[in-house]
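J.: Last residue of the sequence shown? That's 591 in the working numbering, and every number before it is there in order.
It cannot be assumed that every hint is accurate.
[Claimed, not checked] Straight-line distance between alpha carbons at most 35 Å, and here's what the computed DSBU-like set of lysine-lysine pairs gives:
#	residue 1	residue 2
1	K114	K184
2	K569	K34
3	K241	K532
4	K532	K50
5	K50	K326
6	K538	K559
7	K40	K50
8	K532	K584
9	K199	K326
10	K193	K75
11	K180	K326
12	K569	K538
Just so you know, these hints were derived from the structure itself, not from any lab. Everything numeric in this text was worked out from a predicted model, so none of it was measured.
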Amino acid sequence: WHCFGCDKGGDLFSFVLEMEHLSFPEALRLLAPKAGVQLKQQDYRLTADKNRWLDALEAATDFYHHYLLNRPEAKAARDYATGRGLDDATLEDWQIGYAPAGWDSLLNFLQSKKFAPADLLSAGLVIHKAETNRYFDRFRGRLMFPIRDHNGNTVGFTARLLPGAEDGQAGKYINSPQSKVYDKSAILFGLDKAKAAIKELGYVIIMEGQMDCITAHQFGFKNVIATSGTALTAVQVALLKRHSDNLMFALDADTAGQNAIDRAGALIGSLDYKEVEAADRYGRPHTYIDPESSYQINIKVLEIIAGKDPDELIRQDKKMFSAAIKEAKPLMQYIFDKTLARFDLAQVSGQQQAAKILLPLLARSGDRVAQNFWLNRLAERLSMPERFLLEEMEKLPKKPINQDQSASSRRSFSEGGPAAIKPIRQTRDQALSEFLVALLFKSPKNLARLANFLTPEQLAGAAVQDVYKSLIIYYYKNQQQPDFSFSYQAFSSWLGTSARPETMATALRLAVLSEKEFYQLNEAEANQEIFKISRQLKKQYLAGRQKEITRVLGQLEEKIKTEPSPENKRMLDEALREFNDLAKELRQLAD
């Protein structure tokens, strides 16, 4: 901006500072919501802690790597790495290491570098035994693969037990625990090394295993990353979106790999954050995120023809893997081909089974052009009118799969049935209501105060209301007991004696949300958030109710003009009293 009168000028922030007479932090808070940016308060003590933990993890990486290359005790680990085809340059580039079998080898080394045991515990490098107040190494006698974030910082490790050392009790692979520096749902193995090649080539190849990823890089396929055997998460997709819109899955040729493809396709199909106008339950227009279309990410599947996994195919024939990349199929085509090949389409039952799987998939598509194309293709293969399939498809829900749905209730395409479909769109009231109840699992002592301030009907969503009401009843029934200590397990057992399945499922989901989102909050912070959200919900409910009463008042006033009966006047007086009561409550909340 520039003022030609006084010759002042500058950027957006200086304009707001000048016009609104705000401080810079106040300008940030004003502008952030308009730009869709979420401001997060920076805790400098936590930042300092994280830097110490990252330093400890980096020192541990150097320790493990040096041990693998130089110590005679690591010969079996070196032989295993060599046997898997890893050359010296790869071992160096990926800083692959070996954790000695001793109980405190790493601990002693890092303590000599002035790292405190408490910091090593927070970094996931040691385990604390409370009975003896002693610390010991988390990883022992294992080949170590550093896990790095997209900036190249070591945030954790995957540790593989060497062949011959497997006793059936310890897991072959173990990972660092979830911590404030390692969030497995937000990490993509190898992205720090692959991001330049991804941008250069225009696509990313996603594999399941870390060894698959390392082998691919060694053989020149530098745009490869790995999900470490887990399904792709929304956070990971958003991270990949920064580098490319083109994703290619090269997964193991087994049932688990097939299921992972199906889950990834369902998840990515729900990730296009486009805004739409809609009305909330009070008829007020709002802008919501529409998840029905995808990010416009192009998804392909690389079929592993020879070998049981990408690692084996690359070693067997590098050119064959390159050919497989060129022949990769779009995800929809891949699922169509696999599904239609499973059934006898000459039989009515085969046609019904294929349509049962593929029509819900098409119904969720936000791309009308692609939807019409595949509907036409399906009609040709099933030898039936496209109009008939369109009518059947339009009867189906068009929402994407809810990614929070439990694995036990999800049916994948490879299992012979369409994945269960649940809507994931939420109004702001619904999201706030769920956050509030999740916070109450974190800080149940607030129930005593909140029960007198916020009634269940002032929350959004019947199941959430049921959970909130049940929490209040359970708390008041048990709080007088001398040994009472709230736990979700005890609450769930009590709830299961009478609650509906939907209420039980919602309670579990909100308990998980509490653990995932609010584990870092202390009691004071939780109390503050509960107070803030409960006031917002109450204000929204009262404002909505006031709007409804205003409409009723208008109807009654018109009715009294033609029917001035005592009953109509009594109803008008009651509506006026309720309107005034609501106005009074809203004023009190505003004070």
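J.: Take the hints in turn and mark each one as holding or not.
T.: Status of each hint after checking the structure:
1. K114 <-> K184: At roughly 28 Å apart (the allowed maximum being 35 Å), K184 and K114 satisfy the hint.
2. K569 <-> K34: violated, 46 Å
3. K241 <-> K532: Answer holds: K241 to K532 is near 34 Å, not above 35 Å.
4. K532 <-> K50: The given pair, whose Cα atoms are some 29 Å apart, holds under the 35 Å limit.
5. K50 <-> K326: violated, 43 Å
6. K538 <-> K559: holds, 31 Å
7. K40 <-> K50: Distance of about 16 Å is within 35 Å: holds.
8. K532 <-> K584: Satisfied, since the Cα-Cα distance of roughly 19 Å is no more than 35 Å.
9. K199 <-> K326: holds, 18 Å
10. K193 <-> K75: holds, 28 Å
11. K180 <-> K326: violated, 40 Å
12. K569 <-> K538: holds, 29 Å
Violated hints, listed in ascending order, are 2, 5 and 11; each of the other numbered hints is respected by the structure.
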